[in-house]
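S.K.: Sequence:
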Amino acid sequence: MTAAPWRDRADVAADPEGGVLLVGEDTPGALLSSLRPGLETTAQVTVMNPLESSRDLVGSTGVVAAMRRRVASRSSGARLVEAVEQLKPEHVVLIKGRGIAAGDIAAIRRLGARVTCYYPDNPAWRSGDPNATERLLACDVAVLWSQRQATLLRSSTTPTRTIVEVLPFGFDPAWFPLVSATGEGPETQTTQPERAGIAFLGTWSPRRERYLSALAGLPLTIAGTGWSERSTLKGSKPIVEHRAGEVLSRAAIGINLLHPQCAEAHNMRTREIAASGAIEITDPGLDGTPLRDNESCLWFRNPAELRARVEEAIADPRGAAEVAHKGQALIAGDTYKERGKALAALAGVA
1 MTAAPWRDRA
11 DVAADPEGGV
21 LLVGEDTPGA
31 LLSSLRPGLE
41 TTAQVTVMNP
51 LESSRDLVGS
61 TGVVAAMRRR
71 VASRSSGARL
81 VEAVEQLKPE
91 HVVLIKGRGI
101 AAGDIAAIRR
111 LGARVTCYYP
121 DNPAWRSGDP
131 NATERLLACD
141 VAVLWSQRQA
151 TLLRSSTTPT
161 RTIVEVLPFG
171 FDPAWFPLVS
181 ATGEGPETQT
191 TQPERAGIAF
201 LGTWSPRRER
211 YLSALAGLPL
221 TIAGTGWSER
231 STLKGSKPIV
241 EHRAGEVLSR
251 AAIGINLLHP
261 QCAEAHNMRT
271 REIAASGAIE
281 ITDPGLDGTP
291 LRDNESCLWF
301 RNPAELRARV
311 EEAIADPRGA
321 AEVAHKGQAL
331 IAGDTYKERG
341 KALAALAGVA
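The opening residue of the sequence shown carries number 1 in the numbering used here; numbering runs sequentially from there.
It is worth saying that the hints were derived from the structure and are not from the lab.
A portion of the hints provided could be inaccurate.
Taking CB as the label site, the calculated pair distances span [what the hints assert, rightly or not]:
1. Ser228 / Gly319: 33 to 39 Å
2. Glu194 / Thr41: 35 to 41 Å
3. Pro317 / Ser236: 37 to 43 Å
4. Leu218 / Ser127: 30 to 36 Å
5. Arg126 / Glu229: 41 to 47 Å
Only pairs whose alpha carbons sit at most 20 Å apart, straight line, appear in this in silico SDA-like list of lysine to any residue [what the hints assert, rightly or not]:
6. Lys337 / Pro317
7. Lys237 / Gly197
8. Lys337 / Gly319
9. Lys341 / Glu40
10. Lys88 / Lys337
11. Lys341 / Asp140
12. Lys237 / Glu40
13. Lys88 / Pro120
14. Lys326 / Glu295
15. Lys237 / Ser213
16. Lys337 / Ala78
17. Lys234 / Gln261
18. Lys237 / Thr225
19. Lys326 / Pro177
20. Lys88 / Ala78
21. Lys341 / Pro120
22. Lys337 / Ala174
23. Lys88 / Pro28
24. Lys237 / Leu286
25. Lys237 / Thr221
26. Lys326 / Gln261
27. Lys326 / Lys341
28. Lys341 / Ala78
29. Lys337 / Glu322
30. Lys337 / Val47
Just so you know, these numbers come straight off a predicted model, no measurement behind them.
Built from N, CA and C at the ideal position, the CB exists for glycine as well.
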């Protein structure tokens, strides 16, 4: 018989009872992997990936990949409930929790575990994760990344006693180390002798295509899912793990184009760009980010303004580096290890 997914992992503690069962995708560079060290400072942590059988689909797109994910997710809830029955954790912390239904969470709570879900996406996006809202509202604690998303969840018409909290995104210095904007800086920083060019790292969308098209003729590097298949721009396939940090640490400018659910807020790239030491040129956002226009980043509101802000930064590299340095200083402590500690506190982990 095939070993259960939590049994064949070297990082499972010898005495699993109590502590935290941390559930989600656990590949290097995944959000769970970045949050885990912070959680481990507060409690014994056991990791389970209920979608272990679809590990090879990470970053894959298309109909076949989607079908395989659906097949894998059908049994993930039952596997999780079985794991809780055997491991008897005090807390179950889901990172997104794809494939876990509200009924599964109810079963886990009946077993005596307190359930928290940190959802780093848009729970109202039914086509991507159709049961997300119900999953969150079945938990003891639902944690969103922005105040707006939390407000929308709290205003749900579904009666619930779920506690809704907010934990903004951070950055993982293992993949996005603090790099000086000028090549000079504290000894704790990795130094970069010279920066050049513009970088955008993110998935393709029609809006992103339209905005980045305004940078025609400028030294722009694009990488992310969908660009090589759908774009008329010269985009490459996704850059993962440390290579994304390397690209940003060499760039003078990092472009951040927010998806609609992130409007007026921030996204995962917000602090990663700032940590890299590139000047961040981004859609406006105040929700969950300390970065402010003309002080610690540059804002744009349309494609023409994006190009103007980029040309402004290119024309004044010293001024751009000063803005980048201020942005980096503001987010330097917002590592995912610290976010993991904060998540543990929100979950009620002693």
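S.K.: None of the hints should be skipped; say for each whether it holds.
M.R.: We went through each hint and held it up to the structure:
1. Between Ser228 and Gly319 the beta carbons are some 35 Å apart, a value that agrees with the proposed interval 33 to 39 Å.
2. Under the hint 35 to 41 Å, the C-beta atoms of Glu194 and Thr41, about 37 Å apart, fit the expected range.
3. Pro317 and Ser236 have their C-beta atoms about 26 Å apart, which leaves the hinted 37 to 43 Å range violated.
4. As the Cβ distance of Leu218 to Ser127 is approximately 34 Å, the hint placing it in 30 to 36 Å holds.
5. Judged by the Cβ atoms, the range 41 to 47 Å given for Arg126 and Glu229 is violated: they are separated by roughly 24 Å.
6. Of the supplied pair hints, the one linking Lys337 and Pro317 is violated, its CA atoms being roughly 32 Å apart against a limit of 20 Å.
7. Between Lys237 and Gly197, the direct Cα distance comes to roughly 19 Å. Compliance with the 20 Å bound is thereby established for this hinted pair.
8. Taking the CA atoms of Lys337 and Gly319, the gap is about 31 Å. The hint is violated against a cut of 20 Å.
9. Between Lys341 and Glu40 the CA atoms are separated by roughly 8 Å; this keeps the pair inside 20 Å, and the hint holds.
10. As the CA atoms of Lys88 and Lys337 are separated by approximately 25 Å, the hinted pair breaks the 20 Å bound.
11. Proposed proximity of Lys341 and Asp140 is supported: the alpha carbons are some 18 Å apart, at most 20 Å.
12. About 34 Å separates the Cα atoms of Lys237 and Glu40, which puts this hinted pair outside 20 Å; it is violated.
13. For a cut-off of 20 Å, the pair hint linking Lys88 to Pro120 is broken: about 26 Å separates their Cα positions.
14. The hinted pair formed by Lys326 and Glu295 meets the criterion: a straight-line CA distance of about 7 Å does not exceed 20 Å.
15. This hinted pair checks out: Lys237 and Ser213 have alpha carbons roughly 18 Å apart, not beyond 20 Å.
16. As the CA atoms of Lys337 and Ala78 are separated by approximately 30 Å, the hinted pair breaks the 20 Å bound.
17. Restraint check: the Cα-Cα separation between Lys234 and Gln261 comes to about 26 Å, which exceeds 20 Å; the hinted pair is violated.
18. Under the criterion of a C-alpha separation no larger than 20 Å, the hint pairing Lys237 with Thr225 is consistent with the structure, at around 6 Å.
19. Pair hint Lys326 plus Pro177 holds up; C-alpha atoms about 16 Å apart against a cutoff of 20 Å.
20. For the suggested pair Lys88 and Ala78, the alpha carbons sit about 15 Å apart, so the restraint of at most 20 Å is met.
21. Distance restraint check for Lys341 and Pro120: the Cα-Cα separation of roughly 17 Å lies within the 20 Å cut-off, and the hinted pair is therefore satisfied.
22. For a cut-off of 20 Å, the pair hint linking Lys337 to Ala174 stands: about 11 Å separates their Cα positions.
23. Our distance criterion of 20 Å between C-alpha atoms is broken by Lys88 and Pro28, whose separation comes to about 26 Å.
24. As the CA atoms of Lys237 and Leu286 are separated by approximately 30 Å, the hinted pair breaks the 20 Å bound.
25. Restraint check for Lys237 and Thr221: satisfied, since their Cα atoms lie roughly 11 Å apart, inside the 20 Å limit.
26. Annotation: proposed proximity of Lys326 to Gln261 is violated, straight-line Cα distance about 27 Å (limit 20 Å).
27. For the proposed pair Lys326 and Lys341, the alpha carbon gap of about 25 Å is over 20 Å, so the pair is violated.
28. A threshold of 20 Å between alpha carbons decides the hint, and for Lys341 with Ala78 the separation of about 28 Å lies outside it, so the pair is violated.
29. Taken as a hint, the Lys337 and Glu322 pair is broken in the structure, with Cα atoms around 27 Å apart against an allowance of 20 Å.
30. Proposed proximity of Lys337 and Val47 is supported: the alpha carbons are some 16 Å apart, at most 20 Å.
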